[in-house]
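J.: Residues per chain, in single letters:
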Amino acid sequence: MSEKRIKIVENILNANDQLAAENRARIDAAGVFSINLMASPGAGKTSFILATINALLDQDVKIGVIEGDTAPVTIDSDKISAAGMPAIQVNTGGQCHLDAVMINNALDEIGLDTIDLLIVENVGNLICPAAFRLGTHSNIVIASIPEGDDKPYKYPNIYRGLDVLIINKIDLLPYLDFDMDYFKQGIEMLNPGLQIFPVSCKSGEGIPTWLDWLETKIQ
Amino acid sequence: MHELSVTESVLEIACNHAKEAKARAVTDIHLVIGRLSSIVDESVQFYWDFVSKGTLCENAKLHFRREPAILLCLACNNKYELKDELIPCPKCGSPQVRVLSGDEFNLESIEIERL
Chain A
1 MSEKRIKIVE NILNANDQLA AENRARIDAA GVFSINLMAS PGAGKTSFIL ATINALLDQD
61 VKIGVIEGDT APVTIDSDKI SAAGMPAIQV NTGGQCHLDA VMINNALDEI GLDTIDLLIV
121 ENVGNLICPA AFRLGTHSNI VIASIPEGDD KPYKYPNIYR GLDVLIINKI DLLPYLDFDM
181 DYFKQGIEML NPGLQIFPVS CKSGEGIPTW LDWLETKIQ
Chain H
1 MHELSVTESV LEIACNHAKE AKARAVTDIH LVIGRLSSIV DESVQFYWDF VSKGTLCENA
61 KLHFRREPAI LLCLACNNKY ELKDELIPCP KCGSPQVRVL SGDEFNLESI EIERL
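Top to bottom, those sequences are chains A and H. According to this note's numbering, the residues represented by the first sequence are 1 to 219, in order. According to this note's numbering, the residues represented by the second sequence are 1 to 115, in order.
Take the hints with a grain of salt, since some may be wrong.
Unchecked claim - In silico DSSO-like pairs for lysine-lysine, Cα to Cα no more than 30 Å straight-line:
| no. | chain 1 | residue 1 | chain 2 | residue 2 |
| --- | --- | --- | --- | --- |
| 1 | A | K154 | H | K83 |
| 2 | H | K61 | A | K151 |
| 3 | H | K53 | A | K151 |
| 4 | A | K151 | A | K202 |
| 5 | H | K91 | A | K184 |
| 6 | H | K79 | A | K184 |
| 7 | A | K4 | H | K61 |
| 8 | H | K53 | A | K7 |
| 9 | A | K184 | A | K217 |
| 10 | H | K79 | A | K154 |
| 11 | A | K217 | A | K79 |
What the hints assert, rightly or not - A few chain H residues facing chain A, derived, Cβ under 7 Å:
| no. | residue |
| --- | --- |
| 12 | V40 |
| 13 | N78 |
| 14 | E108 |
What the hints assert, rightly or not - Take a look, some chain H residues computed to stay more than 12 Å from chain A by CB distance:
| no. | residue |
| --- | --- |
| 15 | E42 |
| 16 | D49 |
| 17 | K53 |
| 18 | T55 |
| 19 | E58 |
| 20 | R98 |
No lab work stands behind these hints: they were computed from the structure. Every residue gets a Cβ at the ideal spot worked out from N, C-alpha and C, and that includes glycine.
All chains should be built: construct the whole structure from the sequences, respecting the hints.
T.: As structure tokens, then:
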């Protein structure tokens, strides 16, 4: 009997990353722009998707949505369907995040050839989704004013590897002690130069600026 | 809790490499986890005992090496380690910093027994 040490040095989630790359190839082949939308529960992920859908209604942009939830509830996907866009509900069976396998399966159903933009609404959670790449083009986090300005300092991981940050519910700024400079300073420390869009899904403030960015991506 | 998915991934990678090396058993698995990667060692260990049962990795010991999160201050060139929460440069107070390390999330090596 001999003993041996084998050097590997492989990212633990390499299998997920490989499948994510496969997802990306499928999405690219269909000419679709894709977004992985992450946030804590209640930050306004579904509202943000609906605001985006409604703002683009007259532009002939077809948006497909993959809704991730930990339980078989269709509240979110029903709202998307009611707005006239195709939605696929993915039940993670209690898991705290979507992974590339779940997206791979959902891509079979969403009809990639029929849409221009794919939005994946991840499970509401600021910790776990950060680790699992899905194969989407942009990783986007929605922070919201009521969550407090200390989130980058307490949950640094989710703000690393992000492409865009949405700050939602800015209509509440006058009523809450949210120090925007302190919040943005934390973001800048973790992800220098990150594209940030402050918005209010309720009042519509800031949404046009977000759409300007989005429209450059879904030509 | 994404530790279960992580544990399953560790098992898959370790078993694949062990099979390739024609191992009889895997005795030790060495993981390198950066401070900025959120993972609870105890949870991985807890799941490990269940998921590794009946595999080449059954009874293998998991070793976690935590890599510190190191930041570089762009204002004064000070390198400092994050202990808990994110802080500006402790030397000059500048928030103009870059993360140098701490994102590691790797299976570094396994130790096997051969026939």
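J.: Run every hint past the structure and note whether it holds.
T.: Hints, verified against the model:
Simply put, A:K154 and H:K83 have alpha-carbon atoms about 12 Å apart, close enough for the 30 Å limit, and the pair holds. Our distance criterion of 30 Å between C-alpha atoms is broken by H:K61 and A:K151, whose separation comes to about 35 Å. Straight-line distance between C-alpha atoms of H:K53 and A:K151 comes to about 39 Å, which puts the hinted pair past the 30 Å bound. At roughly 22 Å between alpha-carbon atoms, A:K151 and A:K202 fall within 30 Å of each other, so this suggested pair holds.
At roughly 21 Å between alpha-carbon atoms, H:K91 and A:K184 fall within 30 Å of each other, so this suggested pair holds. For the suggested pair H:K79 and A:K184, the alpha carbons sit about 22 Å apart, so the restraint of at most 30 Å is met. Our distance criterion of 30 Å between C-alpha atoms is met by A:K4 and H:K61, whose separation comes to about 15 Å. Straight-line distance between C-alpha atoms of H:K53 and A:K7 comes to about 23 Å, which keeps the hinted pair within the 30 Å bound.
Between A:K184 and A:K217, the direct Cα distance comes to roughly 25 Å. Compliance with the 30 Å bound is thereby established for this hinted pair. A distance of roughly 21 Å separates the Cα atoms of H:K79 and A:K154; the hinted pair therefore holds under the 30 Å criterion. For a cut-off of 30 Å, the pair hint linking A:K217 to A:K79 stands: about 25 Å separates their Cα positions. Taken as an interface hint, H:V40 does not check out: its beta carbon lies about 10 Å from the nearest beta carbon of chain A, beyond 7 Å.
Hint on H:N78 is violated. Least Cβ distance to chain A is approximately 14 Å, over the 7 Å limit. The restraint placing H:E108 at the interface with chain A holds, with a minimum CB-CB distance near 6 Å, inside the 7 Å limit. For H:E42, the non-interface assignment is confirmed: its Cβ lies about 16 Å from the closest Cβ of chain A, beyond the 12 Å cut-off. Non-interface status of H:D49 relative to chain A is upheld: no Cβ of that chain comes within 12 Å, the nearest being about 18 Å off.
No beta-carbon of chain A comes within 12 Å of the beta-carbon of H:K53; the shortest separation is about 20 Å. Taking the minimum C-beta to C-beta distance to chain A, about 16 Å, the non-interface status of H:T55 holds against the 12 Å cut. In this structure H:E58 is separated from chain A by more than 12 Å, as the shortest Cβ-Cβ distance comes to about 17 Å. The Cβ of H:R98 does not lie farther than 12 Å from every Cβ of chain A; its closest approach is about 7 Å, which violates its non-interface assignment.
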